[in-house]
Amino acid sequence: MPRFAHISDCHLGAWRDKTLRALNLNAFMRAMDACVEKNVDFILICGDLFDKNIPDLDIVEQSASKMRDVRNKGIEIYVIYGSHDYSPAATSIIDVLHSSGLFTKIMDVEEERVTDKIGLRFLEDKKTGAKIAGISGRRASLEKYYYEILDRESLEKEAGFKIFAFHIGVNELMSGKMHTDECIPVSFFPRNFDYYAGGHIHSRTERNESGYGLFVYPGTTFGWNYNDLENTANGEQRGFFIVDFDTRVRNIEFVGTMENNVKLFDIDADNETADYLKNLLQKTADENNFENCIALVKLKGVLSAGSQSEIDMQPMRDKLYAKGAVNVFINRNALSSKEFSEIKIKADDRETVEERIFKEQIGMCNGYATNSLKGAEGVETAKAVLNVMKDAKKDNETKGDYTDRVVAKVSQIMKVKI
Amino acid sequence: MEIISQIINGAHGEIILREKSDQPIELGEIVVAEDDENNKILLQVYDLMYGSQLDDKRMELASGLSVEDKWKDLVFYDPELRHYVLAKARALAQVKNGESPAVPKRLPKHFSMVRRFSEADKEFIARQDNPLFLGNLRSGSRVLNMPVHINGLEALSHHMLIAATTGRGKSNFLKVVLWDAMDKGYCGILVLDPHDEYYEALEKNPASRENLFYYTNRKGVSGAYTLRVDVKTIKPDDVTGVIDFTPAQEQAIIKYRKEFGDNWLLEIARDRECIFEKEGVHPGTLSVVQRKIHTKLGVRFKDGDFICDNEVFDVSGGEKTIDDICSFLSSGRKVIIDTSMLMDEAELLVGSIIANRVLENYKAKKAGNRLKELPVIAIAIEEAPRVLAEDKINQANNIYATIAREGRKFKIGLIAITQLSSVIPREIMANMNTKVIFGNELAVEREAIISSASQDLSKDGKNIASLNKGEAIISSIFTNFAIPVKVPSIDELIKSAGPRPVAQRKVV
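Note that the protein sequences, when read in sequence, are chains V and E.
If you read the first sequence in my numbering, its first letter stands for residue 1, the second for the next number, and so on.
If you read the second sequence in my numbering, its first letter stands for residue 1, the second for the next number, and so on.
The following block holds chain V by itself, in its conformation from the complex (with noise of 0.2 Å):
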């Protein structure tokens, strides 16, 4: 029976920490491993396959040489871009990869035939005779409006075994986390597809949608920030799908990714003191077992006395490395103290308070503000800006190169001539 692989959200080349980053890409390794080994015909990627439109050589090197060999094997590889690594502005390594032949993108909305409605084309693959159509991920969803005039019609009569690959949340699926505005209804997909291929959204979810079919996203094959870490040690499982069929979906199976544990130490030293807080750290450094596996210890509340400054976190890092930790990764974001309460905002990780801080500066702005730079759009505007400036200069670039990117990208995101 043919079957096939979906795999999403890889983010390849994410972390900035060099043990997370090859742990994430060692996950990636690991699917691709599994694909072959249970003997997929083809592999779909369901966006965000890498972290960035231009992530670092290294990275692209390694997995390029991986897919190369499950290529080798016979094993068709096709993907859609996603939220991360499309660019509006610039080409994307998906477009490389595509070009030298390494996999198939998807062909799916081209920017300048939009016109009042899109049509889609299908893609067959020759070995299954399964057909794929689907909608690429943009930034700040844009694709939301894609769906919006999509020709549903023309591809709801297509005959045979249908798969529609998409990089967006589907609000109907989503739990309460997930925000609407991120979200488009399950109205907007075309009816009678076997499988409905997500990506974008981290957590595993499956569900046969009436009237639609299986709908199915994977969820990360790692993990792309602490969040998804802690959703990890949660019990959130990391990995992909092999699906089987033949004139339909007959079984699916999720294969697990994740070669190490991932555990969570929540500590609440809420109204305690700096001192107690050391004497905790201590002693769940010393009473749990760390071997081969990823710590976070994510502290949390407001100090009645002391400072944050006063903990010192090196020896408790010191001690879970040496008790065989593959990595410790100490979230003090949600810990403040009576006697500094300057942090205002309290969140699990760096995007959220960059977006929260973002809602609340962006609130202060009246008259002098288009409307681009107002409310979620002012938002969604900043966060582009600040994720133009916070990409590295690329080796080998020159100085003024760099700046010339940057311009160039950051004038295109606010619309405006610099």
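Hints are not guaranteed to be accurate.
[Said to hold, decoys possible] In the DSS-like style, the derived pairs of lysine-lysine whose C-alpha atoms are separated by at most 30 Å in a straight line are: (1) E:K409 with V:K359; (2) E:K184 with V:K415; (3) E:K495 with V:K144; (4) V:K131 with E:K219; (5) V:K144 with E:K219; (6) E:K184 with V:K359; (7) V:K18 with V:K393; (8) V:K144 with E:K204; (9) V:K144 with E:K184; (10) V:K157 with E:K219; (11) E:K232 with V:K374; (12) V:K300 with E:K232; (13) V:K300 with E:K366; (14) V:K144 with V:K415; (15) V:K157 with E:K204; (16) E:K365 with V:K338; (17) V:K300 with E:K258; (18) E:K409 with V:K383; (19) E:K363 with V:K359; (20) E:K219 with V:K117; (21) V:K374 with E:K204; (22) V:K359 with E:K365; (23) E:K204 with V:K117; (24) E:K258 with E:K363; (25) V:K105 with V:K127; (26) E:K495 with V:K359; (27) V:K105 with V:K73; (28) V:K374 with E:K372; (29) V:K298 with E:K232; (30) V:K323 with V:K359; (31) V:K338 with E:K366; (32) E:K363 with V:K300; (33) V:K263 with E:K363; (34) E:K495 with V:K117.
[Stated by the list, open to error] Which residues of chain V face chain E? A few of them, derived with a C-beta cut under 8 Å, are: (35) A64; (36) M174; (37) S175; (38) R191; (39) D194; (40) R207.
Simulated from the structure, these hints should not be mistaken for laboratory data.
Predicted model only: the values in this text are computed from it and were never measured.
Ideal Cβ placement from N, Cα and C applies to all residues, glycine included.
Dock chain E against chain V, hints included.
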């Protein structure tokens, strides 16, 4: 301005006008008495009768001669002076020197000339903050080019009653209100739509793409959201407010809630052993609760699995639905829920869950002093006596009655639509501070509305009975007088708006 009648007699509240022969006056018509001191008094006609210089005996004789063919050439000399129409009118408002309209406390001058109301008399229709369009001003059956607005922020939080018999334009009125409010951020409006009749019209509004959210279980409606509610988001108060439970059954529900938290409903459906029997829950009681949950919500446990017989309640999906709807409403959006495929209780339960969450949320905002910045939320419910009738309002946890009584403190109002105002208790009717009164032939229904109206409509019985389709009277504490309006057809508004613009491409 052409004179149409003259004040000849009467008293405050019953001013008699003598109609000019070639200027017929209509029931409900608004006319203006103006004096040379720049006083304008607005009068509304509430009754018409014949007047004559002949006494009754002479008129009867003249008629006999005519109908019995005894005097074929019978004519009256100067008939326009001998026979005429008298109109009874009451003063609605007074304007002096172009100032704001006020309630008139004196009579117009005796023998004041009276003219028709016209667009030039716009000072009588006060400008409103947060204007919400209710229709065009109507004088009798003449529709003027004067849109009537009400302060939507105030009016919606103080509840609105839309009363009429079938076919008089209740649904059309609500569509028109929603159409006008679509892009107005000061109000979020939830419509529980048992006939699935609102979305088709309202999605044609140019602002609907951003502001209208439609929940349905119909397939293939592009852009619609699936109406699916995770049963774990249901709280006991939501259920006990719309389904009748005995005190023993409610106690049983509370025990499951305490023990199982959000899973209380599922655990009730699953329990075959009556695990709380030793704590006083009788197996028979549990069995009845299970049956009610099954018949009303469609949730049951069979062969090791939870089964939801209807598409609305779900054990593994729809976790976001209620939060999303509340979020849309509290950001000034409009939400239509197609409940056409639901049983009565299920429809009311969906509304009850949302209303409870919205009220909880707004109460918390008020406690945090942040209510001011939020829009008013109005919940429109058809056949309002289902939840607001005498025997319903005292039911424990009836959120609709709670909102009717105290919702305005928290900027939450009801838009109650009904054919049977008479079964809604006076206490609730008195809280409905804006009444939109359409034609009604039933005296008992008219009486219920008139007796609780914000203005004295005691003489408007005939006027209300004579209202044609789309004609209404707006009686509100937020208007200076009861305003007659003609509500345009929603089709006219759609036509005048033109085709909905295609989706705007957002390039980031």
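Consistency of the hints with the structure:
1. This hinted pair checks out: K409 of chain E and K359 of chain V have alpha carbons roughly 29 Å apart, not beyond 30 Å.
2. Distance restraint check for K184 of chain E and K415 of chain V: the Cα-Cα separation of roughly 28 Å lies within the 30 Å cut-off, and the hinted pair is therefore satisfied.
3. For the hint pairing K495 of chain E with K144 of chain V, the CA-to-CA distance comes to about 28 Å; that is within 30 Å, so the pair holds.
4. For the hint pairing K131 of chain V with K219 of chain E, the CA-to-CA distance comes to about 23 Å; that is within 30 Å, so the pair holds.
5. Proximity of K144 of chain V to K219 of chain E is assessed by CA-CA distance (about 19 Å); at most 30 Å being required, the pair is judged to hold.
6. Of the supplied pair hints, the one linking K184 of chain E and K359 of chain V holds, its CA atoms being roughly 22 Å apart against a limit of 30 Å.
7. The hinted pair formed by K18 of chain V and K393 of chain V meets the criterion: a straight-line CA distance of about 18 Å does not exceed 30 Å.
8. The straight-line distance between the Cα atoms of K144 of chain V and K204 of chain E is roughly 19 Å, inside the 30 Å bound, and the hint therefore holds.
9. Our distance criterion of 30 Å between C-alpha atoms is met by K144 of chain V and K184 of chain E, whose separation comes to about 24 Å.
10. Using a Cα cut-off of 30 Å, the hinted pair K157 of chain V and K219 of chain E holds, with the two alpha carbons roughly 16 Å apart.
11. The straight-line distance between the Cα atoms of K232 of chain E and K374 of chain V is roughly 36 Å, outside the 30 Å bound, and the hint therefore fails.
12. Simply put, K300 of chain V and K232 of chain E have alpha-carbon atoms about 29 Å apart, close enough for the 30 Å limit, and the pair holds.
13. Simply put, K300 of chain V and K366 of chain E have alpha-carbon atoms about 28 Å apart, close enough for the 30 Å limit, and the pair holds.
14. Taken as a hint, the K144 of chain V and K415 of chain V pair is honoured in the structure, with Cα atoms around 20 Å apart against an allowance of 30 Å.
15. Between K157 of chain V and K204 of chain E, the direct Cα distance comes to roughly 27 Å. Compliance with the 30 Å bound is thereby established for this hinted pair.
16. Between K365 of chain E and K338 of chain V the alpha-carbon distance is near 26 Å, which keeps this suggested pair within the 30 Å criterion.
17. Taking the CA atoms of K300 of chain V and K258 of chain E, the gap is about 28 Å. The hint holds against a cut of 30 Å.
18. In summary, the hint linking K409 of chain E to K383 of chain V is not supported, as the alpha carbons are separated by about 38 Å, beyond the 30 Å threshold.
19. The hinted pair formed by K363 of chain E and K359 of chain V meets the criterion: a straight-line CA distance of about 24 Å does not exceed 30 Å.
20. Of the supplied pair hints, the one linking K219 of chain E and K117 of chain V holds, its CA atoms being roughly 21 Å apart against a limit of 30 Å.
21. Simply put, K374 of chain V and K204 of chain E have alpha-carbon atoms about 27 Å apart, close enough for the 30 Å limit, and the pair holds.
22. Under the criterion of a C-alpha separation no larger than 30 Å, the hint pairing K359 of chain V with K365 of chain E is consistent with the structure, at around 19 Å.
23. Pair hint K204 of chain E plus K117 of chain V holds up; C-alpha atoms about 18 Å apart against a cutoff of 30 Å.
24. This hinted pair checks out: K258 of chain E and K363 of chain E have alpha carbons roughly 23 Å apart, not beyond 30 Å.
25. Distance check on the hinted pair: K105 of chain V and K127 of chain V sit about 17 Å apart at the alpha-carbon level, within 30 Å; holds.
26. Restraint check for K495 of chain E and K359 of chain V: the C-alpha separation of about 39 Å exceeds 30 Å, so the hint is violated.
27. This hinted pair checks out: K105 of chain V and K73 of chain V have alpha carbons roughly 19 Å apart, not beyond 30 Å.
28. A threshold of 30 Å between alpha carbons decides the hint, and for K374 of chain V with K372 of chain E the separation of about 21 Å falls inside it, so the pair holds.
29. Of the pairs offered as hints, the one joining K298 of chain V and K232 of chain E holds, with about 29 Å between alpha carbons and a cut-off of 30 Å not exceeded.
30. A distance of roughly 42 Å separates the Cα atoms of K323 of chain V and K359 of chain V; the hinted pair therefore is violated under the 30 Å criterion.
31. Distance restraint check for K338 of chain V and K366 of chain E: the Cα-Cα separation of roughly 27 Å lies within the 30 Å cut-off, and the hinted pair is therefore satisfied.
32. The suggested pairing of K363 of chain E with K300 of chain V holds, with an alpha-carbon distance near 28 Å, which does not exceed 30 Å.
33. A hinted pair counts as satisfied when its Cα atoms are at most 30 Å apart, and K263 of chain V with K363 of chain E does not qualify at roughly 39 Å.
34. Our distance criterion of 30 Å between C-alpha atoms is met by K495 of chain E and K117 of chain V, whose separation comes to about 24 Å.
35. The beta carbon of A64 of chain V is not positioned within 8 Å of any beta carbon in chain E (closest approach about 29 Å), and the interface hint is therefore violated.
36. Interface restraint check for M174 of chain V: the shortest CB-CB distance to chain E comes to about 5 Å, inside 8 Å, so the restraint holds.
37. Taking 8 Å as the C-beta contact cut-off toward chain E, the hint placing S175 of chain V at the interface holds, the least distance being around 5 Å.
38. Among the interface hints, the one on R191 of chain V holds; its C-beta lies about 6 Å from the nearest C-beta in chain E, closer than the 8 Å criterion.
39. The interface hint given for D194 of chain V is violated, since its Cβ lies 17 Å from the closest Cβ of chain E, which is over the 8 Å cut-off.
40. About 6 Å separates the beta-carbon of R207 of chain V from the nearest beta-carbon of chain E, less than 8 Å, and the hint is met.
Checked against the numbered hints given earlier, this structure breaks hints 11, 18, 26, 30, 33, 35 and 39; the rest are met.
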